Amino acid sequence: MGADMSVIISGFGGQGALFAGILLCHTAVLEGKYTTWFPSYGAEMRGGAVNCSVNISDKEVPSPIIDKADAVIALNDASQIKFENRVKPGGFMIVNSSLSHIKPKRTDIKYINIPLNELAQKLTQPAFVNVMALGAFIEKTGILKLESIKEVMKEMAKTVSAKKAALLPNNLECVEFGANLIKNQMVTV
Amino acid sequence: METLVYKRPESLLKDGHFTFCPGCGHGVVLRMIAELIDEFNLQKDTIAISSVGCSIFLEKFFNLDVAGASHGRSTCVATGIKRCKPDKFVFTYQGDGDAATIGFNETIHTACRGEHITTVMINNTNFGMTGGQASATTLVGQVTTTTPMGRKAELTGYPLHAAEIVAKCDGTAYSARVAITDTKNIRKAKEALKKAFEIQMKGQGFAFVEVLAACPTNWHMKPAEAIEYMENVTETVHPVGVFKDITKETI
Amino acid sequence: MAKELVKGNEAIARAAIKAGCQCYFGYPITPQSEIGEYMGANLPKLGRVFITAESELASINMVIGAGTTGTKAMTSSSSCGIALMQEAFSAMCCAEVPGVIVSVMRGGPGLGNIAPAQGDYFQALKGGGNGDYKLIVLSPSNVQEAIDLTYRAFHLALKYRNPVMLLADGILGQMMEPAEFGEYPYKDPDVNEWALSGANNRPARNIVSLHMPEGEMEQRTNMLFEKYAAVAKNETTFEEYMLKDAKLVLTAFGTVGRVAKAVVNRAREAGMKVGLFRPITLFPFPDKNLHEVAKNADMILDLELNMGQMLLDVRSAVFGACPVEFYGRPAGGLLTPDMIFEKVQELYKKLDDKTKAGVI
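Listed in order, the protein sequences are those of chains V, A and U. Take the first sequence: its position 34, counting from 1, is numbered 33 in numbering that gives the first Met the number 0, and each next residue is one higher. Take the second sequence: its position 44, counting from 1, is numbered 43 in numbering that gives the first Met the number 0, and each next residue is one higher. Take the third sequence: its position 140, counting from 1, is numbered 139 in numbering that gives the first Met the number 0, and each next residue is one higher.
These are calculated hints, taken from the structure and not from any lab test. Please note that a few of the clues may not be correct.
The list that follows gives simulated cross-link-like pairs (lysine to any residue, SDA-like), each with its CA atoms no further than 25 Å apart [as the list claims (entries may be wrong)]:
| id | chain 1 | residue 1 | chain 2 | residue 2 |
| --- | --- | --- | --- | --- |
| 1 | A | K43 | U | N191 |
| 2 | V | K67 | U | P329 |
| 3 | U | K44 | V | M155 |
Pairwise CB distance ranges, derived in the manner of DEER restraints [said to hold, decoys possible]:
| id | chain 1 | residue 1 | chain 2 | residue 2 | range |
| --- | --- | --- | --- | --- | --- |
| 4 | V | M185 | U | P184 | 51 to 61 Å |
| 5 | U | N199 | A | D169 | 30 to 40 Å |
| 6 | V | G31 | U | K226 | 38 to 48 Å |
| 7 | U | A40 | A | K167 | 24 to 34 Å |
| 8 | U | A228 | A | L154 | 51 to 61 Å |
| 9 | V | G31 | U | G270 | 25 to 35 Å |
| 10 | A | N104 | U | Q218 | 29 to 39 Å |
| 11 | U | E3 | V | Q124 | 28 to 38 Å |
| 12 | U | D337 | V | K121 | 36 to 46 Å |
The structure presented is a predicted model; accordingly, all values stated were derived computationally and were not measured. Beta carbons: idealized from backbone N, C-alpha and C, even for Gly.
When you get a sec, could you build the whole thing from the sequences and use the hints?
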């Protein structure tokens, strides 16, 4: 993969799509890269459709707005429908196949189907589908290092409440598992 | 041996002659405020906030620092000043059009926040400066230029009772209505103003004094008739009294 | 100091605190509520003042109160909330009260929506307040600039005793990117010469906006406009990018400016001579500088997230030196790099055709 990467992460409110984007950005900053995060959400505080656009680059990012993304992470079926046409030809889409059974429409992009909910819930309680998807994304693209995002998670855990910090091991497990799915070719890429 | 019986307050400018209509209550109240500032030795530490209406030209009368506020926003400006300079004495001088009509929301919220400021509201039940239109405190039946047949409750509702409502706010330490109808009542009014000053100096909360005053020009009365009208009519609708005084409340 | 990931709204709040802002008065409205939230969580800890006011009217008038004492104070709001403050802006300019206003634009008119937009250029620059007055208006295009211009806003407010508006859009308010805060870089003027503090061993002062005697208001307005001329002379700021040989010049403010920059890069890769002129101070508008640019260009394309507001200032600056085209989307419609690039290609082809035909 090149030095520029744009990704749209989308889901329904509560799935952690926006937070996943923030994690990516922090990781990019840790690695000394340029990055932007731009959210989009409805008026609802909970449950509405949300997405964020993330750019990671070795150069200054001129536009935080993404027309066509190198990758899309669709955490539910609505996100797959909404963003399927926004993947660049040759790009890929990570689809949460636990919540989306929609037939792929395009032949010029890759679909990486991962039953995130099932896998994550088997792995840990509570489970983090967003973080597991990130693990897969990082491993697939190589744009950032898995170790860096773990470092970011550990740093973040120091700044949040004890209750939230207690979830760090689960998060680390989920992101690692997501990466291994790609590394060990446990999903069709 | 000569005895000094009259002295112009230091807090009034030497050439700051009042320019109010004959029989108007503003001059009396401004004079009392100036006397109190002198008595408490506050002149060097006072910031006054003027408002819009006949209450506007404070800088032409007072030998005090003055900030001007837009219509109805004097207590907001006062809040900004007092929060930055808590050791200053900060008061607003407003009319019923300003504090009870366009700015009553601000008055209420300033009271609820318990800002340590003093608000003096002259209530002459009309917009005096613009020529005598009906305000929120105008009496039912009162003739004004916008209620030429008298204020009709079914058309424009009922007068707003500022001092009583302000008294209901938890942040209010003192709320009173006085009337400057004669010497005795003017003295009582000064006592109320003094109390409202002390409340601020002790940091006890918001202090509000509503002063019923005559507006003979717009009431179309002679000054003496206007006083009578205040006693016989205005005070029956806006009764004088102390509606809250936390320094007197006992458990 | 290292760069850290920070959201635009939070960056503005943190920069304000570093700039020495002693008071925040505000009223919640999307998409800028994070500013008030950050202030509410942090100013009291520092022993500074935070009030959620009863309205935007109250907020800005509390800023006035603080400003009359020479204290650094601010408010923040968005579109319809800023609309409520217009009377106070006019009064502040007249009475020469300093203060900082952050306006994070959303979609309008009316309650509109909460999507990013730039429909309040007129509101900031052409005023809804009465009379002849000018706000100093600064327009950041990225989070770093939001920090730097927040610092500058507090300094200019005191330097010129005038309200200063930081005009951001919802994209900047909501987006995150790495930036660094550094230290507040300005030395502010002494306020003791004019601020209200009580008439202690000096004549009483007043800071008011009513001036009734004949001729007084005219004289005052002339004085204010001399000041505005000094602001224009000293403070005009803009960004030029790839302008030297540019045939087609893009003009844009705020975040559209950075999107346009991306398009300039793409156009250059495609062999098109395209450049960018981005005003950073909207008042003072860099009209003379833009005019010089226009003299050397074949065409200007003005890009805005509205129906053409800065366009009037662009046309006035260009003053016929070259044709001015406009491309904009209002009320939450975003201009993406693809959209702008397509427009650039279309216009550039026209210019090429004209060149080939010997018209220019």
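Hints versus structure:
Of the pairs offered as hints, the one joining K43/A and N191/U holds, with about 15 Å between alpha carbons and a cut-off of 25 Å not exceeded. With a C-alpha separation of about 22 Å, the suggested pair K67/V and P329/U falls inside the 25 Å cut-off, and the hint holds. Pair hint K44/U plus M155/V holds up; C-alpha atoms about 22 Å apart against a cutoff of 25 Å. Between M185/V and P184/U, the C-beta spacing of about 54 Å keeps the proposed range 51 to 61 Å intact.
For N199/U and D169/A, the Cβ-Cβ distance of about 34 Å falls inside the hinted range of 30 to 40 Å, so the restraint holds. For the hinted restraint 38 to 48 Å between G31/V and K226/U, the CB-CB distance of approximately 45 Å keeps it satisfied. For the pair A40/U and K167/A, the supplied restraint of 24 to 34 Å holds, since their beta-carbon distance comes to about 31 Å. For the hinted restraint 51 to 61 Å between A228/U and L154/A, the CB-CB distance of approximately 52 Å keeps it satisfied.
The hinted window of 25 to 35 Å between G31/V and G270/U holds, with their beta carbons roughly 32 Å apart. As the Cβ distance of N104/A to Q218/U is approximately 36 Å, the hint placing it in 29 to 39 Å holds. In this structure the supplied range 28 to 38 Å holds for E3/U paired with Q124/V, their Cβ-Cβ distance being about 33 Å. As the Cβ distance of D337/U to K121/V is approximately 41 Å, the hint placing it in 36 to 46 Å holds.
When the structure is compared with the earlier hints, no violation turns up for any of them.
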